[in-house]
Amino acid sequence: MEFEASIHGDSFNLSSAVLLYSDSNNRTYATKHVVELMDGRPMIRPGRPLTEGDYKHLVDGLKPAERPTIEWNDPKILAKGLGRTIWWSPPQQRTLFFKESGLASRSFEGKNTCPTPGLVFMVIDGSMYIYAFKGAQAPGKTTKLFQAPFFNVWASGKVCDGNAQKPDDDQQVNLDAWERFFFGSNFTHPNFSEKDRLTKRIDPALFWKKQIQSPSPTFPEKVLVDINLTVSDMLQIDFIETANRITARGEF
Amino acid sequence: MFANQNLAAAPRGQGFCLPGISHEIPIALNDNHKQQRLLARLASIAEKNGLYLPMGKCESITDLLARQWSGYVARQHPNAVKNQWQARPSISLTDDHLTVEIGAEGGIEIYRLKPVIEALEAEKSGLGWFVFSAIRVSDSYGLPVYLPDQIGYQLGCHYGYDSDEFTDENYCKHLMAEEGQTSPDIITPEMISEMKEQYDHWPSDLLEDVDGHEHLLGVGYGKGAKHPLVLTDKQAKTWIASHKDHPLATVVNLAIEFKASVAKPNAKALLWDCQDDYGEESERIGALAIVAWDSPDLLMEMIQHHEEMAYQCGYCYEALGRVSIDLKTDITDAQLAQLVKQTQEYLKRMDLLTELLSQFPLWERNNGI
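Protein chains in written order, with my numbering: chain P, 3 to 254; chain V, 492 to 860.
Please note that the accuracy of each hint is not assured.
In the DSSO-like style, the derived pairs of lysine-lysine whose C-alpha atoms are separated by at most 30 angstroms in a straight line are [what the hints assert, rightly or not]:
| id | chain 1 | residue 1 | chain 2 | residue 2 |
| --- | --- | --- | --- | --- |
| 1 | P | Lys-224 | P | Lys-211 |
| 2 | V | Lys-750 | V | Lys-725 |
| 3 | V | Lys-525 | P | Lys-65 |
| 4 | V | Lys-750 | V | Lys-735 |
| 5 | P | Lys-202 | P | Lys-136 |
| 6 | P | Lys-65 | V | Lys-819 |
No lab work stands behind these hints: they were computed from the structure.
Quick caveat, the model's predicted, so the values are computed rather than measured.
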């Protein structure tokens with residue numbers, strides 16, 4: 003009969019390193035590297051840029067159990083933190099500009115004040131994301147999000163900047179400036195061709211042509227396309243990776 | 492946050508130069524040093540209690556401890572090899588507990604009581620059952636042995652039959668009640684025959700399997716139950732005094748010694764109530780050996796049922812005994828010394844019990860469990 007002996011306990015082994023590169027303006031770039039033991043000595047191996055997923059794991063692993071991550075704000079700003087600002091606007095009439103483009107066969111010329119659905123916006127690292135929601139009440143965390151039914155928006159909800167002028171650095175937290183940036187620029191083309199994906203049961207170009215010619219009193223929410231997201235998803239640290247996985251056929 | 496642009500090219504066309512890591516940076520953060528010191532203290536205290544430190548190179552403190560204790564068993568208990576101790580002892584240290592556990596193994600030996608007990612009873616009434624009584628108490632001291640009373644226990648589990656009166660008539664009444672029938676006052680042989688077509692394990696069959704020794708099955712303690720005469724320790728010693736050269740003196744002596752060993756203080760130190768480190772109760776399964784009256788077939792069937800049921804109930808430990816020291820407070824040398832002593836005493840009792848069992852003939856089997 004042989005005895006066995008063992009130790010079982012928490013052990014944190016050196017596994018990876020995050021290297022920070024900074025410039026004179028305090029802009030920082032991060033890379034993640036595996037650390038391997040070579041002849042019993044740790045060695046930083048070549049790495050790769052830190053991803054949102056890496057950042058999520060890092061923060062999740064380091065944060066105290068009860069530490070709040072994002073504060074909930076009311077009424078227009080829904081949440082702010084982790085480099086992002088999320089806000090909403092109720093259904094309302096907005097002036098929309100459409101412009102023909104030689105690159106898009108379905109583009110057209112026109113402008114009018116048209117109804118728009120309730121919208122949720124997010125700005126992160128100078129990029130804008132936009133989603134629609136149904137109803138007029140302020141969205142909560144469980145509010146379902148729909149594809150923003152506008153041209154120049156990717157299936158992920160990210161706005162295609164084109165040659166539109168984004169708010170200056172000192173205007174990054176100016177929510178009106180961001181909304182003006184989006185609605186003040188020209189809509190030229192849907193960013194993907196998949197049927198029933200930007201607007202349900204109607205071609206988006208036809209839908210907006212009709213709206214320009216004869217705007218409906220309120221936005222017809224039946225055309226909104228469910229993309230299986232809620233406001234709560236936008237609060238997740240890896241939301242950008244989640245959003246980027248949402249695609250549509252014919253994206254360009 | 493981090494920027495989205497690509498990493499700039501290395502200056503002046505040079506490649507990246509990854510920084511080294513200072514040798515002062517630890518490659519692991521844990522309490523291993525503290526844990527290793529504790530196990531080193533245990534090894535040192537064990538040495539003072541007769542467990543010599545192993546010779547040669549040890550790769551780790553756990554390796555040293557394992558070899559120290561294995562060496563002790565080999566030196567101190569040579570019968571362990573002869574009697575094929577089927578157990579898996581271990582010393583484990585977690586952040587919360589230092590534990591000595593005697594794990595259970597499969598493929599355990601099957602012994603037959605009948606030839607020895609009948610021979611002893613023929614020599615002196617009550618002597619055979621005295622020896623059996625020594626084996627029977629082992630379970631209460633963290634040295635479980637599967638005995639025929641497992642049959643009665645499983646009968647209760649399977650059929651809910653737990654009656655003082657262990658007869659076919661009473662069993663038939665019980666089964667009828669279980670089926671929702673109103674059982675008559677008088678059970679006829681025809682009724683029993685009818686029920687026998689549906690149910691197994693009838694009392695008369697089970698009793699026949701143990702030659703009518705009802706008490707072996709752990710059932711039938713009611714009025715009229717047969718209680719065999721069992722000699723006292725003193726009476727057994729008296730018999731030994733006058734039969735020193737008797738061929739059966741050894742088995743009686745071992746039974747006396749084993750009973751004396753479990754009468755010592757702390758003899759139940761490794762008796763485990765099967766609560767895990769978090770206070771959750773579980774089933775414990777496993778034994779040092781199977782001890783049948785004669786044919787072990789029915790007993791083995793019941794043991795299999797017992798172990799399957801335990802597994803199906805959720806957590807179950809394959810262990811014979813276990814003792815733990817809570818590490819919430821600093822552990823003292825006296826506590827470590829006590830742990831060593833308790834384990835040594837347990838091994839002594841295991842030695843005596845397995846030597847006692849080795850006096851019984853083995854069942855020639857084709858398959859173990």
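Each hint, compared with the structure:
Distance check on the hinted pair: Lys-224 (chain P) and Lys-211 (chain P) sit about 17 angstroms apart at the alpha-carbon level, within 30 angstroms; holds. Only pairs whose Cα atoms come within 30 angstroms are accepted, and Lys-750 (chain V) paired with Lys-725 (chain V) is accepted, the gap being roughly 12 angstroms. As the CA atoms of Lys-525 (chain V) and Lys-65 (chain P) are separated by approximately 26 angstroms, the hinted pair is consistent with the 30 angstroms bound. A distance of roughly 19 angstroms separates the Cα atoms of Lys-750 (chain V) and Lys-735 (chain V); the hinted pair therefore holds under the 30 angstroms criterion.
Taken as a hint, the Lys-202 (chain P) and Lys-136 (chain P) pair is honoured in the structure, with Cα atoms around 14 angstroms apart against an allowance of 30 angstroms. For the proposed pair Lys-65 (chain P) and Lys-819 (chain V), the alpha carbon gap of about 26 angstroms is at most 30 angstroms, so the pair holds.
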